[in-house]
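Asker: Sequence:
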Amino acid sequence: MSLRIAFMGTPECARPSLERLRGDGHELMVVCQPDRQRGRGRNVAEPPVKQCCDGYGLRLIQPHSVNSDESLACIADFDPDLYCVVAFGQILKPDTLSLPRLGAVNLHFSLLPRWRGAAPVEYAIWSGDEVTGASTQFMVEALDAGDVILSKETPIEDGETAGELMARLSGIGADLLGKTVDLIERGDAEPTPQDPDGVTFAPRIKPEEGAVDWAQPADDIANHILAFNPRPGCFTHHDGDMVKLWRAEPADGRGEPGEVLGTEDETLMVAAGDGAVALLEVQPAGRKRQSGRDFANGRRIEPGERLETIAVPAS
178 MSLRIAFMGT PECARPSLER LRGDGHELMV VCQPDRQRGR GRNVAEPPVK
228 QCCDGYGLRL IQPHSVNSDE SLACIADFDP DLYCVVAFGQ ILKPDTLSLP
278 RLGAVNLHFS LLPRWRGAAP VEYAIWSGDE VTGASTQFMV EALDAGDVIL
328 SKETPIEDGE TAGELMARLS GIGADLLGKT VDLIERGDAE PTPQDPDGVT
378 FAPRIKPEEG AVDWAQPADD IANHILAFNP RPGCFTHHDG DMVKLWRAEP
428 ADGRGEPGEV LGTEDETLMV AAGDGAVALL EVQPAGRKRQ SGRDFANGRR
478 IEPGERLETI AVPAS
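Counting from 178, one number per residue, gives the positions in the sequence shown under the working numbering.
It cannot be assumed that every hint is accurate.
Now the in silico label distances, taken between C-beta atoms and shown as ranges [claimed, not checked]: (1) R215 x D352: 56 to 66 angstroms; (2) R476 x A295: 15 to 25 angstroms; (3) R477 x N244: 55 to 65 angstroms; (4) E443 x A295: 40 to 50 angstroms; (5) D365 x E443: 31 to 41 angstroms; (6) S179 x G336: 34 to 44 angstroms; (7) P384 x R464: 15 to 25 angstroms; (8) E330 x D442: 48 to 58 angstroms; (9) D306 x R466: 19 to 29 angstroms; (10) R466 x M178: 22 to 32 angstroms; (11) P480 x E196: 44 to 54 angstroms.
Source of the hints: derived by calculation from the structure; they are not laboratory data.
Here the structure is a predicted model, which means the values were calculated and not measured.
Quick reminder that beta carbons are idealized off the backbone N, C-alpha and C, glycines included.
The whole structure should be built from the sequences, with the hints applied where relevant.
Answerer: So, in structure tokens, the structure goes:
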């Protein structure tokens, strides 16, 4: 048996789920965001899910609004049994949600009800969570508030960035979504309401939130840096020049917040409000990523100098 599924997803983390559903033999129509200008050259790039469709010859639409009359007509013509939504990037209105006869399922990259919203992976690392996971839920109008069908827990590894964790969760989630669709197809899904007392939110992250506050504890600063890798990146300044911070870990040390304590192995040691931060990977403006030691050597940074964060305007 197979279902007619309208798959809605856009970024790289949605590709494993699309490939899983295709491998399970379901008939698919794909809906993803339009091509966008990306990078410094502002070249038009296709979303990863679209690239996946090109290889499989799947039917595809890229609406600016999935809720438009034109989009709904295309989806209705496909006559889906089910929606599967993975990091799609648009809100589905009630008329859109009501089309498939078996409802709409969303794969969310957290253990719901914790971290509802657009950035669950980033907030899990930023907040110092020891575990996270993926959940499937029946979609409702309220954000990520539907009944949970299946969930799978996984530990957050020491030093794991948001990009690395998302890559792991995309595979875990694809397996979870495949099992969820199988349950729905057999009529065996047993969704569980979310506990309202456990709800936390992970709103979309803005670039200016990458400003590092050296007065914070070292653990919090390291988590912040890992959570913002690869997007949008944390930053500080040296002699007025912005420096992106990509990898860090808490360390022993004492000094005024932002004070350079020296180099150790391949890292640059900087004092925090409590302890010190070992900067493993940084990126000066206009340069490639490099070790903290190479950065310090290249700019001849001496102990006692300061890294200071200059706030950037809100976007």
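Asker: Is the distance from the Cβ of E330 to the Cβ of D442 consistent with 48 to 58 angstroms?
Answerer: violated, 33 angstroms
Asker: Is it true that D365 and E443 lie within 31 to 41 angstroms of each other by Cβ?
Answerer: violated, 52 angstroms
Asker: CB of R477 to CB of N244, is that within 55 to 65 angstroms?
Answerer: Given a distance of about 56 angstroms, which is inside 55 to 65 angstroms, the answer is holds.
Asker: Evaluate the given range 22 to 32 angstroms for the C-beta pair formed by R466 and M178.
Answerer: Given a distance of about 49 angstroms, which is not inside 22 to 32 angstroms, the answer is violated.
Asker: Is 56 to 66 angstroms a correct range for the gap between the Cβ atoms of R215 and D352?
Answerer: About 29 angstroms separates the Cβ atoms of R215 and D352, which means 56 to 66 angstroms is violated.
Asker: Confirm or reject the claim that P480 and E196 have a C-beta distance inside 44 to 54 angstroms.
Answerer: holds, 51 angstroms
Asker: Between the beta carbons of E443 and A295, is the distance compatible with 40 to 50 angstroms?
Answerer: violated, 34 angstroms
Asker: Taking the beta carbons of D306 and R466, is their distance inside 19 to 29 angstroms?
Answerer: At 26 angstroms between Cβs, range holds.
Asker: In this structure, is the beta-carbon distance linking R476 and A295 contained in 15 to 25 angstroms?
Answerer: About 36 angstroms separates the Cβ atoms of R476 and A295, which means 15 to 25 angstroms is violated.
Asker: Given the hint of 15 to 25 angstroms, check if P384 and R464 actually sit that far apart at their C-beta atoms.
Answerer: The hinted range 15 to 25 angstroms holds for P384 and R464, with Cβ atoms some 19 angstroms apart.
Asker: Determine whether the Cβ-Cβ distance between S179 and G336 falls within the hinted range of 34 to 44 angstroms.
Answerer: Given about 41 angstroms between the Cβ atoms, the range holds.
Hint compliance for this structure: hints 1, 2, 4, 5, 8, 10 are broken, all remaining hints hold.
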